[in-house]
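Peer 1: Spelled out from the first residue to the last, the chains are:
Protein chains: 4
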Amino acid sequence: MYNLLKGKKGIIFGALDSKSIAWKVAERAHEEGAKFVLTNAPVALRLGTISELAEKTGSQVIPADATSIMDLENLVEQAMEILGGKIDFVLHSIGMSVNVRRGNHYTNQDYNFTKTGWDVSALSFHRVMSVLYKKEAMNEWGSIVALTYMAAQRVFPDYNDMADNKAYLESVARSFGYFFSRDHKVRVNTISQSPTVTTAGSGVKGFDGFVSFAEKMSPLGNASALECADYTISLFSDLTKMVTLQNLFHDGGFSNMGISTAIMDEFMKKDEKIEEPKKEIKE
Amino acid sequence: MYNLLKGKKGIIFGALDSKSIAWKVAERAHEEGAKFVLTNAPVALRLGTISELAEKTGSQVIPADATSIMDLENLVEQAMEILGGKIDFVLHSIGMSVNVRRGNHYTNQDYNFTKTGWDVSALSFHRVMSVLYKKEAMNEWGSIVALTYMAAQRVFPDYNDMADNKAYLESVARSFGYFFSRDHKVRVNTISQSPTVTTAGSGVKGFDGFVSFAEKMSPLGNASALECADYTISLFSDLTKMVTLQNLFHDGGFSNMGISTAIMDEFMKKDEKIEEPKKEIKE
Amino acid sequence: MYNLLKGKKGIIFGALDSKSIAWKVAERAHEEGAKFVLTNAPVALRLGTISELAEKTGSQVIPADATSIMDLENLVEQAMEILGGKIDFVLHSIGMSVNVRRGNHYTNQDYNFTKTGWDVSALSFHRVMSVLYKKEAMNEWGSIVALTYMAAQRVFPDYNDMADNKAYLESVARSFGYFFSRDHKVRVNTISQSPTVTTAGSGVKGFDGFVSFAEKMSPLGNASALECADYTISLFSDLTKMVTLQNLFHDGGFSNMGISTAIMDEFMKKDEKIEEPKKEIKE
Amino acid sequence: MYNLLKGKKGIIFGALDSKSIAWKVAERAHEEGAKFVLTNAPVALRLGTISELAEKTGSQVIPADATSIMDLENLVEQAMEILGGKIDFVLHSIGMSVNVRRGNHYTNQDYNFTKTGWDVSALSFHRVMSVLYKKEAMNEWGSIVALTYMAAQRVFPDYNDMADNKAYLESVARSFGYFFSRDHKVRVNTISQSPTVTTAGSGVKGFDGFVSFAEKMSPLGNASALECADYTISLFSDLTKMVTLQNLFHDGGFSNMGISTAIMDEFMKKDEKIEEPKKEIKE
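Residue numbers (this note's numbering), protein chains in the order written: chain A, 1 to 283; chain B, 1 to 283; chain C, 1 to 283; chain D, 1 to 283.
Careful: at least some of the hints might be erroneous.
[Stated by the list, open to error] Some chain B residues close to chain C (C-beta under 7 Å, calculated; not the full set):
#: 1; residue: Gly84
#: 2; residue: Tyr133
#: 3; residue: Val155
#: 4; residue: Tyr168
#: 5; residue: Val172
#: 6; residue: Tyr178
[Stated by the list, open to error] Derived EDC-like pairs: lysine to aspartate or glutamate, alpha-carbon spacing no greater than 16 Å straight-line:
#: 7; chain 1: A; residue 1: Lys86; chain 2: A; residue 2: Glu27
#: 8; chain 1: D; residue 1: Lys115; chain 2: A; residue 2: Glu52
#: 9; chain 1: C; residue 1: Lys185; chain 2: D; residue 2: Glu136
#: 10; chain 1: C; residue 1: Lys216; chain 2: A; residue 2: Glu266
#: 11; chain 1: D; residue 1: Lys216; chain 2: C; residue 2: Asp183
#: 12; chain 1: B; residue 1: Lys269; chain 2: D; residue 2: Asp110
#: 13; chain 1: D; residue 1: Lys216; chain 2: D; residue 2: Asp265
#: 14; chain 1: B; residue 1: Lys135; chain 2: B; residue 2: Glu73
#: 15; chain 1: C; residue 1: Lys216; chain 2: C; residue 2: Asp265
#: 16; chain 1: A; residue 1: Lys269; chain 2: C; residue 2: Asp208
#: 17; chain 1: D; residue 1: Lys134; chain 2: A; residue 2: Glu136
#: 18; chain 1: C; residue 1: Lys134; chain 2: B; residue 2: Asp183
#: 19; chain 1: A; residue 1: Lys216; chain 2: B; residue 2: Asp183
#: 20; chain 1: A; residue 1: Lys269; chain 2: A; residue 2: Asp238
#: 21; chain 1: B; residue 1: Lys269; chain 2: D; residue 2: Glu266
#: 22; chain 1: B; residue 1: Lys134; chain 2: C; residue 2: Asp110
#: 23; chain 1: A; residue 1: Lys134; chain 2: D; residue 2: Asp110
#: 24; chain 1: B; residue 1: Lys216; chain 2: B; residue 2: Glu266
#: 25; chain 1: D; residue 1: Lys185; chain 2: C; residue 2: Asp265
Hint data in this document are derived by calculation from the structure and do not stem from the laboratory.
In this text the structure is predicted, and so the values were computed from the model without any measurement.
All residues carry an ideal CB built from backbone N, CA and C; glycine is no exception.
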């Protein structure tokens, strides 16, 4: 729509199906004139519908397990060959908790699952950047973005060990971002997005209720996957060259709310409604 | 360059001269297809060169003292008349400390000066939003941005009472932003910019030294006024519709640095250099 | 109980009646072996029951309007004379919003009221420290504490302009705290307390509902005035000598919660209850 | 000195030798009337001098590898038997990075080392709490504290992967702290301490220079290990019952500094000194 990414080359991780934020980012990046390769873990490639996205955006899909340095090295090399040069932008949208999937409570984790989740969801971001950094695969003033969630700062009980993984991920963004910014002029940031109904997100217990709570708490309501893609585009564009090491909330204002009038009204109103039957019984 | 603000209408406060961030924002907004009015306090209009900017961007200048509700009401009404409709974006770039100008130390303020500085620098933002809100002068999905500085969060001893004014300003952004977002779908954010050599900024004691320190601390160096304008454009554009109540650091990474290798190297190297004379004396 | 403040001398602002946090601090400081003077604005002295507290703790009451430098100078001089030396601890517990009292909405403030509220609630803290600093009235390793509220960071719509005042107050704690710590080894911190049912607090609209919401959100429930006094004692004691420039949450965990299971359960349960009538109507 | 921990029972992890913060905590807890068991990894027990501390404080030492649930279960059971009841306070002071030890740069980690460091330094805290929680081994209003460092929030390039580990640790404090506070009334907090010259800390590259930088940046200077112990005691005491899920900076004010006059003076002064020779050469 604006040609914001004209001539830019990218790698987009994590587009599973059309609900994925990464999917929307790919569509929007395409509209803005970017070329990119799509990547996902082999198992996710089978489960999802990424070939449809590849066709739509004229992109190639390169399978890569983000826990494998070898896969990532192959991905980056192939991406540069396919795109014809160094990379300008990267989206990391990878997260998975085996404890959540298996229904283990946060206080009762299987630590092998914890390790796997951390490895896939958090350490993978270090690996991706490490490969890009060592291969000097990023152009100057390139932009790397990872998606995260506010459970890294505050307690959302059902988010389980993903909260700790996201805290680690955000720390990696700062720690590695320093070296990437200093040495290669590449900025690294995370976007902390509203709860978003994706195929991945729907695994979290009580997720729908929480989406509804967040909608009422946020003065602009929850941010959608498409809106997140728009915001990501702005961070890939040349308008944001000096933004680095930041965790950026894209959440309709949720992060800075103590309480909204909508939540308070519901909290109070319902108390009355619920108390009414009791009164009737007493009378 | 991208037509990001095509058809959008704005009000830009605080363009004094070509070094001003507001000046750069006006130039960039013009390039992006926006129409806007320029405004400043009558005294600033005399001191600066705003008519040059007005001519360049095809804009009208409407004098307004940001401490006067009457002036602001007149400004908003005239702006809507000139621009032919409601407002889409507003930049608040106003700050002034009489204590700084008069050389009063932070611990030894003249509280009348403190009040004036707070009134001009911080409460003015409430006044601007209050007039816009009551007149329902903003279009839905409009964007209001105020410029601030990290002294609102951390101590920069020479920044004096402007630190406290900026803390108040940022709080107003959240407090009023809630109502503006909820009621009119208008987002309100602040940009916390690198120390920038402007005519206003140069009044702060030891400013050049600090700019140099910040340059060495920030992995991308200090952000320039033009880069700040680019970032502001992104916040006025439709790419950032769901970002609200945020304080956004635009500072080359300074805000999340504990120490950089550049600062540490200098700190250590100089320690040696300074200690050398002592050794010579001993010998 | 522990003799934590044995031999220490203090000034306690803001004990209105036995519900006041400052009142509890005075009682606890007395138990811990401190000597202190009590102070409040003349009007508050008339409205409250401070003489009862003075008698109970063997303290003198010195009236002082915290917006008057002359009153504060007199207070500090008298306090040193009465207590026989320099001051070790100070509690600032002063806050008042005329806009709240008069029922003005945040977006529709009377700016003269705004100024008065800011002057009394926020700038007063600068004045108090300025008088103590210039008179060199604090002992080394003394401790200054002001009470604040999380509305300084996040939106609580009914907290009105007190949110902005508290943001300014917390900034003053950092800004002045730097000089006080550096020059006199005096630490300055703020305690951000749970919503507390005091005579002052009860003026805020919808306060009871919010207290109940916060109770359910906080894993330990809301902190009481007495618990706040205990915490304040720890900050006056020699156990916390190196804590300075901090804003310390004393809130049963509220500040780091995104959502609690108790709030979520209620939110979901009520949704069902409220939706039931609709279903009945449909049938 | 104050009997603050009279009758309280604790477990103290991580006292290697007399420089350790955990060592000072043990000494101070002993002075304050607590009984406790000491624990450390078998290898640390051999390297250090913990038996001296055990004798001095009348404590028993129970070896436990914090990566072994079995060891931790044994530790907690034995501790309750030895101390005659449930636990009131726990100190987690465990951290180790193999990448740091082996001199691997942050951007060039051996991920097996990364996993080991994360397992020992961060996940260990989850394990400790998990065992205490499941065994219901903590008394109500007990207190759990872990030591951390500000590299979890900001970049300190030489801190390497310990920065990310500390971010994970602090997240675990919040995530598990919620359940521990809600279910057992046990508070969980982290203390973010000044750089401290301990046997463990001295492994970090350029550490002495950084200690000197932090000393000049902090208005009260760096906090010592003994002062940290005092602060820890306050968090174990009944004065801080409602403080939970917090990360508490104990750092002489460093965390809220942008720049100090001492650092700025040195930065500017040395520039002159260093430039002098150049001038002489020119002349």
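Peer 1: All hints, please: hold or fail.
Peer 2: Hints and how they fare:
| no. | hint | result |
| --- | --- | --- |
| 1 | Gly84 | violated (26 Å) |
| 2 | Tyr133 | holds (5 Å) |
| 3 | Val155 | holds (4 Å) |
| 4 | Tyr168 | holds (5 Å) |
| 5 | Val172 | holds (6 Å) |
| 6 | Tyr178 | holds (4 Å) |
| 7 | A:Lys86 <-> A:Glu27 | violated (21 Å) |
| 8 | D:Lys115 <-> A:Glu52 | violated (37 Å) |
| 9 | C:Lys185 <-> D:Glu136 | violated (43 Å) |
| 10 | C:Lys216 <-> A:Glu266 | holds (14 Å) |
| 11 | D:Lys216 <-> C:Asp183 | holds (13 Å) |
| 12 | B:Lys269 <-> D:Asp110 | violated (31 Å) |
| 13 | D:Lys216 <-> D:Asp265 | holds (10 Å) |
| 14 | B:Lys135 <-> B:Glu73 | holds (8 Å) |
| 15 | C:Lys216 <-> C:Asp265 | holds (10 Å) |
| 16 | A:Lys269 <-> C:Asp208 | holds (13 Å) |
| 17 | D:Lys134 <-> A:Glu136 | violated (48 Å) |
| 18 | C:Lys134 <-> B:Asp183 | violated (47 Å) |
| 19 | A:Lys216 <-> B:Asp183 | holds (13 Å) |
| 20 | A:Lys269 <-> A:Asp238 | violated (48 Å) |
| 21 | B:Lys269 <-> D:Glu266 | holds (12 Å) |
| 22 | B:Lys134 <-> C:Asp110 | holds (14 Å) |
| 23 | A:Lys134 <-> D:Asp110 | holds (14 Å) |
| 24 | B:Lys216 <-> B:Glu266 | holds (9 Å) |
| 25 | D:Lys185 <-> C:Asp265 | violated (20 Å) |
Going down the numbered hints, you'll see the structure goes against 1, 7, 8, 9, 12, 17, 18, 20, 25, while the others check out.
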